[in-house]
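For what it's worth, our numbering labels the leading residue of the sequence shown as 196, then goes sequentially.
Where hints are given, some of them may not hold.
As the list claims (entries may be wrong) - For each label pair, taking beta carbons as the anchor points, the in silico distance ranges come out as:
hint	residue 1	residue 2	range
1	Thr221	Ser245	14 to 20 Å
2	Ser261	Gly231	17 to 23 Å
3	Ser261	Ile209	17 to 23 Å
4	Thr260	Gln223	28 to 34 Å
5	Ile264	Gly197	34 to 40 Å
6	Glu228	Thr260	18 to 24 Å
7	Asp226	Asp246	20 to 26 Å
Hints in this document: simulated from the structure, not taken from any laboratory.
Cβ atoms here follow ideal geometry from the backbone N, Cα and C, with glycine treated the same way.
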Amino acid sequence: MGEKYRAIVDVEIIGDRTQINISQPTEQTLDIESLGKIFAGGLALTIRNSDREAEFMREIMDYLTSEFINPDSFEDSKKFI
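Start from the sequences and build out the full structure, keeping to the hints where you can.
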């Protein structure tokens with residue numbers, strides 16, 4: 196069996212804002228790019244298992260686009276990662 200890693204996502208909804216915290220167990224030392232690949236793989240699996248795959252993928256892409264053009268979306272990201 197290969198190596199096993201864990202990525203943790205905590206989500207808190209405050210009013211109309213969503214705060215997302217990503218982390219990993221303290222004994223694990225993956226870099227941020229590796230964690231990103233884990234999350235991207237999980238997202239791809241989620242999209243592929245949707246009954247409306249193409250529409251769901253478009254919704255995800257639109258959401259990601261809106262997050263990257265909103266400068267305060269990632270304002271606190273450095274203190275969480």
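Hints, verified against the model:
| no. | hint | result |
| --- | --- | --- |
| 1 | Thr221 - Ser245: 14 to 20 Å | violated (34 Å) |
| 2 | Ser261 - Gly231: 17 to 23 Å | holds (19 Å) |
| 3 | Ser261 - Ile209: 17 to 23 Å | holds (18 Å) |
| 4 | Thr260 - Gln223: 28 to 34 Å | holds (31 Å) |
| 5 | Ile264 - Gly197: 34 to 40 Å | holds (38 Å) |
| 6 | Glu228 - Thr260: 18 to 24 Å | holds (21 Å) |
| 7 | Asp226 - Asp246: 20 to 26 Å | violated (35 Å) |
Comparing the model with each earlier hint shows violations of hints 1, 7; every other hint is respected.
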